[in-house]
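Number of protein chains: 2
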Amino acid sequence: VGKVIATQSISLDGYSAGVKAGRDNPLGDDGERLHEWMVGLSAWRERHDMDGGETNADADAIDEVFANLGAVIMGKTMFVTGEDPWGDEPPFHVPVFVLQHEPHDPIEKHGGTSFTFVHEGIERALGLAQHAAGDKDVLIAGGADTVQQFLSAGLIDELQIDLVPIVLGDGRRFFENLPTDLRLEPIRVVDGPGATHIRYRLVR
Amino acid sequence: VGKVIATQSISLDGYSAGVKAGRDNPLGDDGERLHEWMVGLSAWRERHDMDGGETNADADAIDEVFANLGAVIMGKTMFVTGEDPWGDEPPFHVPVFVLQHEPHDPIEKHGGTSFTFVHEGIERALGLAQHAAGDKDVLIAGGADTVQQFLSAGLIDELQIDLVPIVLGDGRRFFENLPTDLRLEPIRVVDGPGATHIRYRLVR
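Same order as they appear, the protein sequences are chains A and B. With the numbering used here, the residue at position 144 of the first sequence is 144, and numbering never jumps. With the numbering used here, the residue at position 18 of the second sequence is 18, and numbering never jumps.
Extracted from the complex, chain A is given alone in its bound form (with noise of 0.2 Å):
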C-alpha cells in the first residue's frame, strides 16, 4: 500500500492564505503570491496544457508528488474554485474524490482524472482512495482545511511544507487548531529558488 501524502504552501510567518479568504477568494488577499513559485514552472504548465516554463528544484518538488500518485482527495472548495480551470483535461490524471455533503454522481473527464464525490466523510473517502491507487501514493490536495482535518485525524504519513519566503502578515494560519503533541520528522529538503520544500514524516 501507497503512502498517504499533503502539500501545503505557507508562507515565512504561516499563513496557508491571506485576509477574507472564501470561495469567491480561496487564496484570500495577496494570497496568489503563496503559489508564485509554482506558476511559472514548465512541470505546473505542462500539466495545465501550456508550453514553456521553468525547470529548476521547485519543479522537482512537484514531480516527486506526482511521480507515485494513485489517486488524490481534496475539499469542495479546491473542487468547486478549479473546476472550470482545469477544463476538458484536469492536471491529476488520476481518479479524485471529492469531500462534500451532498451526493453527486461521478464525472469523467480526459486523461485519466475523474472526479467521485464522497459524503460520508474523510475516512471513507481515504479508504476509497487507496483502494483506487493500490501500492501508489495518496494525496490529499487541498485546501489547507481538508489538509488540517487529515493532519488532526493522524491519517497522514509524510506533510510536505513548501515555506515560500515572504512575509503575509495577517490570513489564515495552517499550524492553527493543530494537536501541539504532533510529532514531525524532516526526512528530505528540496531547495528550490522559490520556496523550500520540506518533507517531513508524522510520528505515531
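I should point out that these hints are in silico values taken from the structure, not numbers from a laboratory. Beta carbons are placed, not taken as given, at the ideal position from N, Cα and C, and that holds for glycine. Take these hints with a grain of salt, some might be off.
[Unchecked claim] Not everything, but these chain A residues come out facing chain B in the computed CB check (under 8 Å):
| # | residue |
| --- | --- |
| 1 | M38 |
| 2 | E102 |
| 3 | V167 |
| 4 | L168 |
| 5 | T180 |
| 6 | L182 |
| 7 | P186 |
| 8 | R188 |
| 9 | Y200 |
| 10 | L202 |
[Said to hold, decoys possible] Straight line, CA to CA, 25 Å or less: simulated DMTMM-like cross-link-like pairs of lysine to aspartate or glutamate:
| # | chain 1 | residue 1 | chain 2 | residue 2 |
| --- | --- | --- | --- | --- |
| 11 | B | K20 | A | D181 |
| 12 | B | K3 | B | E64 |
| 13 | B | K76 | B | E158 |
| 14 | A | K20 | A | D84 |
| 15 | B | K76 | B | E36 |
| 16 | A | K3 | A | D24 |
| 17 | A | K20 | B | D181 |
| 18 | A | K76 | A | E108 |
| 19 | B | K109 | B | D49 |
| 20 | B | K76 | B | D191 |
| 21 | A | K3 | B | D191 |
| 22 | A | K109 | A | E89 |
| 23 | B | K3 | B | D88 |
| 24 | B | K76 | B | D49 |
| 25 | B | K20 | A | D170 |
| 26 | A | K136 | A | D170 |
| 27 | B | K109 | B | D88 |
| 28 | B | K20 | A | E176 |
| 29 | B | K136 | B | D170 |
| 30 | A | K20 | A | D170 |
| 31 | A | K3 | A | E120 |
| 32 | A | K20 | B | E176 |
| 33 | A | K20 | B | D157 |
| 34 | B | K3 | A | D191 |
[To be verified] Computed far set for chain B versus chain A, every beta-carbon distance over 12 Å:
| # | residue |
| --- | --- |
| 35 | V80 |
| 36 | S114 |
| 37 | T116 |
Chain A is already provided as a structure; the job is to place chain B on it using the hints.
Coordinates of chain B only, in the frame set by chain A:
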C-alpha cells in the same frame, strides 16, 4: 567588510518562544523544545566547555556561523540570562556588544570574549561591532526582539531560520510586526535531523 547575519530558531507554527516568555523564562513555557536540536551537539557542548555530544548536519549549521565570526550583538535579556551559565569563558570568543539603556563598564572574559555595553541604539552598536569585526561577520545573536529590530531597520544581510519541527500552538511569534514587503531569497539549506536551517538573503 563582513556580513551582518542573524539566526533564529522558530517552531513550524512560527513561534520564537512559548507563552509567558520574560526575563525569568526567556524561551517561555515549553520553549526549550526550540533549542533541543542544539544542546546535544558536540559543536554546542565544546563551546560551553562540555565533552561529548553528537556530530551531524545540525552541527554544521552552527560551525558555519562561527567560522567567520568577528563580533556579536545581543539584547540585554540575553546577556543577563546568559552571563552566569556562560561562566569565565563564554562561547563567543569575539567582542560582544550588549544593547541596554544603562551605561556600564566593559567586561573582559577569558578566551577572547569581551562585553561592551551600548546605550546609543542599534546603529551605534552595529558600527562598533563592524569596526571590531573588520572583514569578518557580525552576528545578531538575539533575543528575537533584537533580531526583529535589526530586520525592521534593514540592517541584516542574511537571516538563518532554524525551523524546528514542532508545533507550540501559542507564544511569541517571530514574523510579527515586521514589514510585509520584506524580501527574502533562500540561498542555502542545511538539512539537519533536529531542524532545517534555511539561510535567506535580505533583498534591499
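Hints versus structure:
no. : hint              : verdict
1   : M38               : 15 Å, violated
2   : E102              : 33 Å, violated
3   : V167              : 5 Å, holds
4   : L168              : 7 Å, holds
5   : T180              : 4 Å, holds
6   : L182              : 5 Å, holds
7   : P186              : 5 Å, holds
8   : R188              : 7 Å, holds
9   : Y200              : 6 Å, holds
10  : L202              : 10 Å, violated
11  : K20(B) - D181(A)  : 19 Å, holds
12  : K3(B) - E64(B)    : 13 Å, holds
13  : K76(B) - E158(B)  : 22 Å, holds
14  : K20(A) - D84(A)   : 22 Å, holds
15  : K76(B) - E36(B)   : 23 Å, holds
16  : K3(A) - D24(A)    : 32 Å, violated
17  : K20(A) - D181(B)  : 19 Å, holds
18  : K76(A) - E108(A)  : 17 Å, holds
19  : K109(B) - D49(B)  : 14 Å, holds
20  : K76(B) - D191(B)  : 32 Å, violated
21  : K3(A) - D191(B)   : 22 Å, holds
22  : K109(A) - E89(A)  : 6 Å, holds
23  : K3(B) - D88(B)    : 28 Å, violated
24  : K76(B) - D49(B)   : 23 Å, holds
25  : K20(B) - D170(A)  : 23 Å, holds
26  : K136(A) - D170(A) : 37 Å, violated
27  : K109(B) - D88(B)  : 6 Å, holds
28  : K20(B) - E176(A)  : 19 Å, holds
29  : K136(B) - D170(B) : 37 Å, violated
30  : K20(A) - D170(A)  : 10 Å, holds
31  : K3(A) - E120(A)   : 22 Å, holds
32  : K20(A) - E176(B)  : 19 Å, holds
33  : K20(A) - D157(B)  : 33 Å, violated
34  : K3(B) - D191(A)   : 22 Å, holds
35  : V80               : 28 Å, holds
36  : S114              : 34 Å, holds
37  : T116              : 32 Å, holds
When each numbered hint is compared with the structure, violations occur for hints 1, 2, 10, 16, 20, 23, 26, 29 and 33.
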